[in-house]
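We have chain A; now place chain B onto it with these hints.
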Amino acid sequence: MEIRLRVFRFQPEKDQRPRYDVFTIETDPTERILDLLEYVRGDVDGSLAFRRSCAHGVCGSDAMRINGRNLLACKVLVKDLGTSEITVEPLLGLRVIKDLIVDMGPFLEHYKSVMPYFINDDIPADGKEFLQSPEQRARFDDTTKCIMCAACTTSCPSFWSNTEYVGPAAIVNAHRFIFDSRDTGAAKRLEVLNEQFGVWRCRTAFNCTEACPREIKITQAIAEVKQVLTSGKLE
Amino acid sequence: MSTLKTTLTGYTGYRGREGHYAFLLHRITGLGTVLFLVIHIIDIALVYLSPKGFLDVVALYQTTLFGIGEIALVFCVFFHGINGLRIAYFDMFKPANWSIETERNSTRITLIATLILWLPATFFMARNILIHNYGLFGG
Numbered sequence: 001m002e003i004r005l006r007v008f009r010f011q012p013e014k015d016q017r018p019r020y021d022v023f024t025i026e027t028d029p030t031e032r033i034l035d036l037l038e039y040v041r042g043d044v045d046g047s048l049a050f051r052r053s054c055a056h057g058v059c060g061s062d063a064m065r066i067n068g069r070n071l072l073a074c075k076v077l078v079k080d081l082g083t084s085e086i087t088v089e090p091l092l093g094l095r096v097i098k099d100l101i102v103d104m105g106p107f108l109e110h111y112k113s114v115m116p117y118f119i120n121d122d123i124p125a126d127g128k129e130f131l132q133s134p135e136q137r138a139r140f141d142d143t144t145k146c147i148m149c150a151a152c153t154t155s156c157p158s159f160w161s162n163t164e165y166v167g168p169a170a171i172v173n174a175h176r177f178i179f180d181s182r183d184t185g186a187a188k189r190l191e192v193l194n195e196q197f198g199v200w201r202c203r204t205a206f207n208c209t210e211a212c213p214r215e216i217k218i219t220q221a222i223a224e225v226k227q228v229l230t231s232g233k234l235e
Numbered sequence: 236m237s238t239l240k241t242t243l244t245g246y247t248g249y250r251g252r253e254g255h256y257a258f259l260l261h262r263i264t265g266l267g268t269v270l271f272l273v274i275h276i277i278d279i280a281l282v283y284l285s286p287k288g289f290l291d292v293v294a295l296y297q298t299t300l301f302g303i304g305e306i307a308l309v310f311c312v313f314f315h316g317i318n319g320l321r322i323a324y325f326d327m328f329k330p331a332n333w334s335i336e337t338e339r340n341s342t343r344i345t346l347i348a349t350l351i352l353w354l355p356a357t358f359f360m361a362r363n364i365l366i367h368n369y370g371l372f373g374g
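For the record, the sequence lines run as chains A and B. So the first sequence is numbered by the working numbering: it starts at 1 and just counts up by one. So the second sequence is numbered by the working numbering: it starts at 236 and just counts up by one.
Bound conformation, chain A alone (with noise of 0.2 angstroms):
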């Protein structure tokens, strides 16, 4: 099948203004959105800059907007979209440094504020390691699945509206650490999404989870950080 691809293109250092390129491609409907870019770099115009690593859905590097939704190149198929007209953009609310890559800078901060690493200082009862039944390990299952590819966190309006907005991202990587029962650091991060750019700013819009490639439920994350800031219990 014949499709025509329309790339998102901006280098700062020539470019006023960004601009569409469009390549008509020749291609399988089985192939993926990164096998497309992939060919329009290799072979066609070497200039065009993407993330990408693992390409199997697993490193998170290359997500982006593909015909107007956040998804990652290597997970979705021609097939998928239902049409011959592609367009590809970079995500949105974070600053484009170069055609389809973004600064993922101020959404690592964002992850860095919640301190998601393991706290505790405590030393275990048996004196090697800190034990947890199969039922406190599910508490907090979903959220250890996120590849911080930023799908989340892009789609999300309050995002749009304020980058300093902690994001869903942050919230499920927080929310990991939260309702682990080994961890003792919960209360400095909820103290974090209680401010005023922290879990309040979620308008449930539900764009994150529906993005999510991992399938998280981070809306259902989120509403359960909330309820423990407005309950005070952790459960």
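Be a bit skeptical, because a hint or two may be false.
Unchecked claim - Taking CB as the label site, the calculated pair distances span:
no.	chain 1	residue 1	chain 2	residue 2	range
1	A	K145	B	L239	29 to 35 angstroms
2	A	E215	B	L266	32 to 38 angstroms
3	A	V22	B	G304	42 to 48 angstroms
4	B	I303	A	K14	50 to 56 angstroms
To be verified - If you want the ones that stay clear, here's a sample from chain B, every Cβ over 12 angstroms from chain A, calculated:
no.	residue
5	F289
6	Y296
7	I306
8	F310
9	F328
10	I344
11	I347
12	L354
13	L371
These are computed hints drawn from the structure, not numbers from a lab. All figures in this text were calculated on a predicted structure; none of them were measured in a lab. In this text, a Cβ means the ideal position worked out from N, Cα and C, and glycines have one as well.
Quick look at chain B alone, frame taken from chain A:
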């Protein structure tokens, strides 16, 4: 890209699902309701400030244009209220309802419930406009 441009690009260009459009409609209906409240406060204040002006405003409200605006206002109030209750219930009592299937279905139900309440109101309000402004139905 400025924040305003990013926001507007996202609002209008992002191809979200039911939740995205429910969010947008919630904003629009909220603004519509606030606009009405501001106008309403001003017109009621005229009772004290300028009784003659108040009567002029009431006459203005009886025009067809404002009649249509009131029908839109009823939609705004119903949608904003029902959708607000849905969000509050999910967020405060049932976070597990924030699953894709439940969220999509609840959004559709919200719109259907709004229409069920709004359409009869629209019928009576439109009928009143036709009776009093156009002399139809024996008016």
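(message) Given the hint of 50 to 56 angstroms, is the C-beta distance from I303(B) to K14(A) inside that range or not?
(response) For K14(A) against I303(B), whose Cβ atoms are near 52 angstroms apart, the range 50 to 56 angstroms holds.
(message) According to the definition I'm using, a residue is off the interface if its beta carbon is farther than 12 angstroms from all beta carbons of the partner; does F328(B) meet that for chain A?
(response) violated, 9 angstroms
(message) Using Cβ atoms and 12 angstroms as the threshold, tell me whether L371(B) really stays out of contact range of chain A.
(response) The assertion about L371(B) holds, with a minimum of 43 angstroms to chain A.
(message) If we take the beta carbon of L354(B), is the closest beta carbon in chain A still more than 12 angstroms away?
(response) holds, 27 angstroms
(request) Verify that the Cβ of F310(B) lies farther than 12 angstroms from every Cβ atom of chain A, and report whether the claim holds or is violated. (result) holds, 20 angstroms
(message) Between the beta carbons of V22(A) and G304(B), is the distance compatible with 42 to 48 angstroms?
(response) holds, 44 angstroms
(request) May I ask you to check that F289(B) keeps its beta-carbon over 12 angstroms from the closest beta-carbon of chain A? (result) Since the minimum Cβ distance to chain A is about 38 angstroms, F289(B) lies beyond 12 angstroms and the statement holds.
(request) Verify that the Cβ of I306(B) lies farther than 12 angstroms from every Cβ atom of chain A, and report whether the claim holds or is violated. (result) Fine: 27 angstroms to the nearest Cβ keeps I306(B) off the interface.
(message) Over 12 angstroms from every CB of chain A: does I344(B) meet that, or does the non-interface label fail?
(response) Since the minimum Cβ distance to chain A is about 15 angstroms, I344(B) lies beyond 12 angstroms and the statement holds.
(message) Taking 32 to 38 angstroms as the stated bounds, is the beta-carbon spacing between E215(A) and L266(B) within them?
(response) Since E215(A) and L266(B) have Cβ atoms about 33 angstroms apart, the given range 32 to 38 angstroms holds.
(message) Just want to verify: Y296(B) was marked as not at the interface with chain A; is every Cβ pair farther apart than 12 angstroms?
(response) Non-interface label stands for Y296(B): nearest chain A Cβ at 33 angstroms, farther than 12 angstroms.
(request) Evaluate the given range 29 to 35 angstroms for the C-beta pair formed by K145(A) and L239(B). (result) For L239(B) against K145(A), whose Cβ atoms are near 34 angstroms apart, the range 29 to 35 angstroms holds.
The structure does not agree with numbered hint 9 stated previously, though it agrees with all others.
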